[in-house]
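There are 4 protein chains.
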Amino acid sequence: MSDANTTALAKALSSAMGEIHQRGWCDGTGGNFSCVLSQQPLRLLMAPSGVHKGSVAPRDLIQVDGEGHVLSGQGKASAETALHLEIIKVCGAGAVLHTHSQAGTLLSQWAIDQAAGGGRGALELKSLEMLKGLEGVKTHDCSVFVPALANDQDLSALSSRANPLLADAPHGLLIAGHGLYAWGRNLGSAMRHLEILEFLLEQRWRQLLLAAITAR
Amino acid sequence: MSDANTTALAKALSSAMGEIHQRGWCDGTGGNFSCVLSQQPLRLLMAPSGVHKGSVAPRDLIQVDGEGHVLSGQGKASAETALHLEIIKVCGAGAVLHTHSQAGTLLSQWAIDQAAGGGRGALELKSLEMLKGLEGVKTHDCSVFVPALANDQDLSALSSRANPLLADAPHGLLIAGHGLYAWGRNLGSAMRHLEILEFLLEQRWRQLLLAAITAR
Amino acid sequence: MSDANTTALAKALSSAMGEIHQRGWCDGTGGNFSCVLSQQPLRLLMAPSGVHKGSVAPRDLIQVDGEGHVLSGQGKASAETALHLEIIKVCGAGAVLHTHSQAGTLLSQWAIDQAAGGGRGALELKSLEMLKGLEGVKTHDCSVFVPALANDQDLSALSSRANPLLADAPHGLLIAGHGLYAWGRNLGSAMRHLEILEFLLEQRWRQLLLAAITAR
Amino acid sequence: MSDANTTALAKALSSAMGEIHQRGWCDGTGGNFSCVLSQQPLRLLMAPSGVHKGSVAPRDLIQVDGEGHVLSGQGKASAETALHLEIIKVCGAGAVLHTHSQAGTLLSQWAIDQAAGGGRGALELKSLEMLKGLEGVKTHDCSVFVPALANDQDLSALSSRANPLLADAPHGLLIAGHGLYAWGRNLGSAMRHLEILEFLLEQRWRQLLLAAITAR
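Residue numbers (the working numbering), protein chains in the order written: chain Z, 1 to 216; chain P, 1001 to 1216; chain Y, 2001 to 2216; chain H, 3001 to 3216.
This is chain Z alone, in the form it adopts within the complex (with noise of 0.2 Å):
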C-alpha cells in the first residue's frame, strides 16, 4: 500500500476510534482497533496497547506483520493482536474493531451463562429488520447466532478456540464479560457490522426486561 494510502487510512482509522469511543464503547484503554494495511505479506494497522482509544493521532498507531510484531511506530501491540489475526486469515477481514459496550459486556456473560457450559455460548438475535445490516442477511425473518467464548487470558489459546467458529459467525463473535469483535471486508463495512451488532444487542437487552415484565 503506497504511503499516500496508509495515510488516508490511518486517519480513517483515528476518527472511527474517535467516533466509538465518543460513544462510550471504548472506555479507559478499553478496546482495541485494527485495518489490513496488504495481505502479502499481511501488514497490519493498529493502537498500541494500553492507551485511551479515544485519543490516538494518525501517526501514533502502530504497523504489526502476521505474526503480531511490531514493525514501525511506538508502543507495544496488544495481546488481543492474535484474536484480530486470527479474524483477519479465517474471514478475509479488511478490518476488526473490538469494543467494552455495556450490552456486550452483560450480554457476552449471560450468554455462556445460558448454556451448557464448556465455556460456549451463542447469542440469538432474531425477526429484526436490523440483522440485514449484517451483510448476507437478506430479511428480518430469520435467527442469527452469535457465537459467546469464555474470556481467557491466554490470547493464543482463546483464538484456537475462536478459529472454529470465524466462518459462520455473523461477522461478530462476544467474549464473555469482556465485549465484542466485528468485522468487515474494509473499515466502512466493520463499522457497519459494528454499529449493527450494537444495536442488537442493546435492543436484546431490552428484550429480556420487556419479557420479564409481562411475564407476570
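If you are wondering where the hints come from, they were derived from the structure by calculation, not from laboratory data.
It is possible that part of the hints are untrue.
What the hints assert, rightly or not - No farther apart than 25 Å at their CA atoms in a straight line, the calculated lysine-lysine pairs in the DSS-like style are these:
id, chain 1, residue 1, chain 2, residue 2
1, H, LYS3076, H, LYS3011
2, P, LYS1076, Z, LYS138
3, Z, LYS132, P, LYS1076
4, Y, LYS2132, H, LYS3076
5, H, LYS3138, Z, LYS76
Mind docking chains P, Y and H on chain Z? Use the hints.
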C-alpha cells in the same frame, strides 16, 4: 423546484440525517429519509439504499420519481421507497423520516404481540403533554393510537396494508421489530413529529417498567 | 436593561436552550424558557410558542410584559407564560426553565398517582449529596419535596393552583405527564437548579427500580 | 513546577472537566477535580467550590496548599479538598477526580445498605475484562472491592474514616448517595481509572437488573 431550492433542501436533509444518526436512530445502514421536491410531477430527494445515513453529503442524495425510479444521482432507491410514496400520496406529506430506534424497534413488536392477531396492532399514548407536539392535538387529555403492522420484506404488500391506516395515523406508523415512519408537511414538521414520537415511544417503555414495579 | 445587556442575555438564553435540547430535555416543540430583562416594569425575554427550542437564534427571542403580551419580536407567547410569570412574581426568579425530560414526565405523574388525590402530590428526594446543589440546602441529610400538580390546559387555573406551593418549592415544580419547571435568581442559577433537579429525577427513577428488584 | 507546566496542566484539567460534564458525571455544581502541581511543598490546582465544573476556564482554577488554604485565584476551596489531600498523601496520587454519576450515586448507597452496618461497605466487581484497566490488575479473573463509606458533611471526619481504606482501594472510593473518587499517578491515569470505574459501576447496575429478571 429551482436548483437553488433543491440545493437548500439537500443540505437540510443531509444535516437532518446527521442529527438523527447522532441520536442513535439510524445505526449501520438503518433508516431512510426523503423530501418532496415537487408534487406535479412527484419528485423525491432521498438517501440511496445501503449507505450509512449519518454521513451522506447533499450531493450524494438521489432523485426519485413517483414510481420509485431513480432519475438522477448514484445508487439505488431502497425498496422502502414504496412506503415513503404511499405516505406522501395518502397524507400529503412533504417529508418522511424512517428510523430504527431502540424503543421503536421494541414497542412496535410489543404492539403486535398484544393485539388480537392479523399482523395489526396499535400503540396507545395518552395523557401526555408531549402529544400536543403532534399537529392537530390540542390537549394532553386524550389518547393517540400509533398504528403498527407486522414487518414484511414485500414493500408493495406492506404499503397496501398501510394504506387504509395512514389517513388517521398521528403522523407516525410502526413496523414491528423494525421501527418508525414519521412525516409532516415539510422537513421541519417531519423532524418535529419524529422527535415527539421517539420521545413518546421511550416514555411508553418507561411507563411499562414503572407499571411492572409498582404492580407488586 | 441596556441594549448591550439584552443582547448578551439573548445570546446566553439561546445557548442554554441549545444545550438543553442537546440533552433531550425539550424535544419537538416541547419546553419553554424565559429570562427577566427588567423587574420594574416587568419584561421577559423568551422563546416564541410552537418552535423548536434547540435552534432559536438570539434575534428570534420575543419580549413579553408582565401580563404575557408580546412587546417585540415575531411569534406568539406560549400559554405557559402565565406560569413563568407566577414563578417570577412569587419567587423573585430571574429565569425559568421548563423542560420535558423522560424522568420528569414519568415521575410527575407517579407523584400524583401516589398521592391522596385532589390533583396534588410531591416527589420526595432524600439523603443525596446532589440536593446541596439547590440553593439553601446545606446537607445531604434531609428530605426535599418537589410539589407536583395535575396537568391542565387552562394555564391561568394551573398558575393559581401553583401559587400557594411556589414559595416553599425547592426551585422546582412538576406538572404531571408534562415536565419540570426549574428557576433561579438568574439564568446561571436556573441552569444549575435544572441540572440538579433533572439529575435527581433520573436518580429517583433508578432508586425505584433498585427498590423493586431488591424487595424480592 | 514552571509557569509553562502550570499553564499546560491547567488547560488539561479544564478540558478534562468539560469532558466529564459532557458525560453527565458532574451536573449542577457537583463534583470536584484536582491535580498536584508540586509535592514538596504540596500544591494543588483545582476548581473553586460552588461553580459549574463543565465551564471552568484554565485561568479560573485556584491553587491550594497541603492544608487546603487557597494560595492564588478567585474563590474558595471546597470542603472536599480534605479528602482530595488525604488521597494524595496516602496513595501518592497526582490527580483526583470526584464525580456524581447516576450509577455511582445509586450503588454507593446500595453497598452501604447491603453491608453489616457501621457506615462501611464495599462494591464487588468481578470477572470483567475492564478490571484490567485499573493499574495493577492483570486478569479479568479476580474480584475487586471498591470501598464505600456513609456520607458525612464533616469532611475531616470522613477523611479520617477513609484513611485506612485508601492504600488497598482500587484507585477508587465511593461515598454513599454521593459519588465516586477516582485517582491516578497523573491526570491521564486518573481519567483512565475514572472511565473504567464509571463503566464498571454502570455494568454492576445492569448485572443487578439482569440477575433480578433471570431469578424468577
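Going down the list of hints, with the structure as the test:
1. A distance of roughly 20 Å separates the Cα atoms of LYS3076 of chain H and LYS3011 of chain H; the hinted pair therefore holds under the 25 Å criterion.
2. A C-alpha spacing of about 16 Å is found between LYS1076 of chain P and LYS138 of chain Z, which places the hinted pair at or below 25 Å, so the restraint holds.
3. Restraint check: the Cα-Cα separation between LYS132 of chain Z and LYS1076 of chain P comes to about 16 Å, which is no more than 25 Å; the hinted pair holds.
4. Under the criterion of a C-alpha separation no larger than 25 Å, the hint pairing LYS2132 of chain Y with LYS3076 of chain H is consistent with the structure, at around 16 Å.
5. Our distance criterion of 25 Å between C-alpha atoms is met by LYS3138 of chain H and LYS76 of chain Z, whose separation comes to about 16 Å.
Consistency note: the structure conflicts with none of the earlier hints.
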